[in-house]
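All chains, full assembly: derive it from the sequences and hints.
Letter by letter, the chains look like this.
There are 2 protein chains.
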Amino acid sequence: MTQLLDNPVEALTRYVEQPSVSADSSFADGVQGAREFACERLIELGFSIDLVETPINPIILATRGDPAWPKLVIYGHYDVQPPDPLDLWTSDPFKAVERNGRLYGRGAADNKGPQIVHMTALHRVLKKNPDLPLHITYLIEGEEEIGSPSFRGFLEEKKDRLAGDLLLVSDTGSPGPEQLAVTTGLRGLTALEVKVFGPKQDLHSGVHGGALMNPLQAIMMICAGLHDKDGKVSVEGFYDDVRLPNNWEKEELKKLDFGEEDYAKFLGISEFFTPPGYSALEAIRFCPTLEFNGVGGGYQGEGSKTVIPSEAFAKITCRLVPDQNSIDIARKVRLAIERLSPPCVRVDVEVKGGGDPYVVIPPGKPGGNSSNSALMKKAFPLAEGCILATFGSKPLYLREGGSIPIIRDLKEVANLDALMIGLFTNEDNLHAPDESFHLGILENSINAFEHFFENLAEV
Amino acid sequence: MTQLLDNPVEALTRYVEQPSVSADSSFADGVQGAREFACERLIELGFSIDLVETPINPIILATRGDPAWPKLVIYGHYDVQPPDPLDLWTSDPFKAVERNGRLYGRGAADNKGPQIVHMTALHRVLKKNPDLPLHITYLIEGEEEIGSPSFRGFLEEKKDRLAGDLLLVSDTGSPGPEQLAVTTGLRGLTALEVKVFGPKQDLHSGVHGGALMNPLQAIMMICAGLHDKDGKVSVEGFYDDVRLPNNWEKEELKKLDFGEEDYAKFLGISEFFTPPGYSALEAIRFCPTLEFNGVGGGYQGEGSKTVIPSEAFAKITCRLVPDQNSIDIARKVRLAIERLSPPCVRVDVEVKGGGDPYVVIPPGKPGGNSSNSALMKKAFPLAEGCILATFGSKPLYLREGGSIPIIRDLKEVANLDALMIGLFTNEDNLHAPDESFHLGILENSINAFEHFFENLAEV
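Chain order of the listed sequences is S and L.
Position in the first sequence (from 1) plus 959 gives the number in our numbering.
Position in the second sequence (from 1) plus 959 gives the number in our numbering.
Derived from the structure by calculation, the hints contain no laboratory data.
As the structure is a computational prediction, the values presented were derived from the model and not from experiment.
Errors might be hidden in some of the hints.
Chain copies aren't distinguished; within one or between two, either way the pair holds.
DSS-like cross-link-like pairs, simulated, lysine-lysine; straight-line CA separation at most 30 Å [said to hold, decoys possible]: (1) Lys1188 <-> Lys1154; (2) Lys1353 <-> Lys1087; (3) Lys1209 <-> Lys1159; (4) Lys1159 <-> Lys1214; (5) Lys1353 <-> Lys1324; (6) Lys1159 <-> Lys1264; (7) Lys1264 <-> Lys1291; (8) Lys1370 <-> Lys1118; (9) Lys1086 <-> Lys1188; (10) Lys1353 <-> Lys1337; (11) Lys1188 <-> Lys1291; (12) Lys1370 <-> Lys1224; (13) Lys1311 <-> Lys1154; (14) Lys1191 <-> Lys1337.
Structure follows, in structure tokens:
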């Protein structure tokens, strides 16, 4: 009997055709379609499925194998980003199209392609050996692109079902199609919104200017006080708990076939601006930040309007590194903002939540943690060997600047450490028009994971 | 023969019914209708009309009388602000409706009501004395609400036709229906827009945060450097040419039946923020400002989006007092911004133009200018007497914080000084929904102007 996973490009094409945009309820049918697609593939692979209801989109919890076997947990998400702006797509985002060795479509790389890689590899392994002695739990959620709001509650409720030896995730990036990365860390996040309230309504800046503090002036005065001139965050105690990166992590970065000049060109800037002592490629991985994601107030249109606005806002996110704590940093930033606030306006600071940083030191590397499971100790070198055999070079062990709070949650709740093998690259245009997945990576990584699953079982 | 100006409320009603919104070309018929309305009234008054073409809306230039007579120039504008937001109006903005002793409608106060006052008074005077020995030039433009872009060019072209002894304007405010003001000054203006350009496109603040200067951080650092903590503008040389107000001007303010507490309540603030040594009611008239009218960049919607924007902007206007010069101040602010700009972003400063401050010291008051015409020397005390006779109290002599650059232009090009008699009040909701004109002011000021025109002719 032929199965869809016999042809992974065809399988990914079908998966992309389900427009599973979680941010927009008008795509509810596509979200359901993608969930059903994932469940069908898992059923074909011999998994038994439990669809766990959440306030938004159910989480697929699927298992196969004997609970006495080594336990692997695999995470993915069946939802995708909105396709906007639609006019910047070369072809329909929900009709997967092959061009130049890539499959184009929303979700092709994030995260449907990597899921098809894992499933196809498992399909091949289980065809040869239906009794593969590996207990596998699949977790595929449908709210990742809206911040996984139901995931923590799900974990607390189902933690007994999630006991395992290792978490496998392919939802991070790699330097390129010939150079994969094992992601060894993710920054944490804390988000705040500051609002400044001045006069009860917008005022004519000619008639009233000079009498009162302009909320825009106040918010800029406050925000400008949150950094030093040298680029460090000047919030008191911000760096107290920062752990320095291991030397081998800095060395690993030097192996990248992508230098500071390439990076400046990619960003389109003439000069970097990093905290003292860190290169740009180091700073984005090893340093915490305080960034302004949006600031606004007053007239936003063309030309001018002579107004003193009644309020102004700033949206702030901090990226955190070990051992900073998201709640502690939110408290410190709030305090700094309160200290910087002038008395003649009202300032509200709302903490919007976040998550802590996560670092996994591969077994055998300095700076690691001794509580690794036998499966973890085997998995890292095995993955390195499989990647070397199929891609022709060893993976690099790199932290990423972004955040996936659920990885840290799985560590906290289920004590799962993660093997994160990055399958997408900068060229894949995640969250942007013309998202695509590299078909060479698809093919090579299916082969790598086939060997990986086959050999992992023999712990 | 009855004329529309026999009934000023009816005349104003008809004028308001012409929706002459200059900012929106879909109101072109209304703009033309209002212009025709004004021309018809002037023809009935015996004026000969010259409609001067401009790139947007023609300017009405009308004259009556012997050029050997004392020469009065009267300014007004036939265009109005847009009526938006429409849903906040109690009645149709372009169907004038009388309620509570007011006539409601867009333009009722700004500036159609005051024009009807002048015209009705002239109508009464000229009916009694068609040969009134006063040469009157009417200037009614149709672009005031979009910044009078054609007016300066018109002045240069027609300055010979504008020679005169005094300019009469009723397009400023008064404290209330029982207390008129003669406006003795208007602040100048200079507008700038600052743009900061960072990476070539918006970036994920997790993936790239730490490597580069965020344009929002840069613009807030720059803008926060433009004021001292005590509320003064810290641009080098900003105050060099500021002339202190005359003592009598400060004394005049104390006669206002509206104190600092009333003002704070009106603004809805708990604390003023003024330059040292000035009360709020002084600061808005006598001090220059640098205000942020709009600042923006990055994500403006609900919730959060973890982005480093590729650019950010700030819209700035300075209000200027004598003897600051608009071009000089723009140059100084630009220089300060350039000095504050970090090298790792590109900063563009665009000067958007402006106008110089204007002050007219009534003849006889200390600090005045000796070049007053005979007509001007007569007009100020005459206006005071007419206002006292009809309103029951003398006018206050007050500067306003706003700007009417064309007043200064008329001084520069045609050496006309202005008698500005304010006929609208804060309660008239200029530029806002439910604009209205106070019918008590309408009636009293027609009587005052009737006496004024009658007696002014006998210089």
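Inset, instruction - If the cutoff is 30 Å on CA atoms, where do lysine 1188 and lysine 1154 land: within, between, both or neither? Let me know, please. - result: both (24 Å within a copy, 20 Å between copies)
Inset, instruction - Tell me, please, which holds for lysine 1370 and lysine 1118 at an alpha-carbon limit of 30 Å: within, between, both or neither? - result: within (11 Å within a copy, 81 Å between copies)
Legend entry - Intra- versus inter-subunit Cα pairing at 30 Å for lysine 1209 with lysine 1159: between (53 Å within a copy, 27 Å between copies)
Inset, instruction - Have a look at lysine 1191 and lysine 1337 and pick one of within, between, both or neither, based on CA distance no larger than 30 Å. - result: neither (40 Å within a copy, 67 Å between copies)
Legend entry - Identical-chain pair category, lysine 1353 with lysine 1324, by Cα at 30 Å: within (15 Å within a copy, 89 Å between copies)
Inset, instruction - Could you figure out if lysine 1264 and lysine 1291 sit no more than 30 Å apart (CA to CA) within one copy, between two copies, both or neither? - result: between (37 Å within a copy, 22 Å between copies)
Inset, instruction - State whether the alpha carbon distance between lysine 1159 and lysine 1214 is at most 30 Å within one copy, between copies, both, or neither. - result: The answer is between: 27 Å across copies meets 30 Å, while 57 Å in one copy does not.
Inset, instruction - First find the shortest C-alpha distance between lysine 1353 and lysine 1087 inside one copy, then the shortest across copies, and answer within, between, both or neither for a cut-off of 30 Å. - result: Only inside one copy: lysine 1353 and lysine 1087 sit 27 Å apart there, 104 Å across copies, limit 30 Å.
Legend entry - Same-copy or cross-copy closeness of lysine 1370 to lysine 1224 [CA-CA at most 30 Å]: Close neither inside one copy (37 Å) nor across copies (55 Å); limit 30 Å.
Legend entry - Up to 30 Å CA-CA - lysine 1188 versus lysine 1086, copy category: For lysine 1086 and lysine 1188, neither the intra-copy (61 Å) nor the inter-copy (73 Å) Cα distance is at most 30 Å.
Inset, instruction - At 30 Å max between alpha carbons, let me know whether lysine 1353 reaches lysine 1337 within a copy, between copies, both or neither. - result: Within one copy only: 16 Å inside a chain, 95 Å across chains, cut-off 30 Å.
Legend entry - Intra- versus inter-subunit Cα pairing at 30 Å for lysine 1311 with lysine 1154: both (13 Å within a copy, 29 Å between copies)
Violated hints, in rising order: 9, 12 and 14; the structure is consistent with all others.
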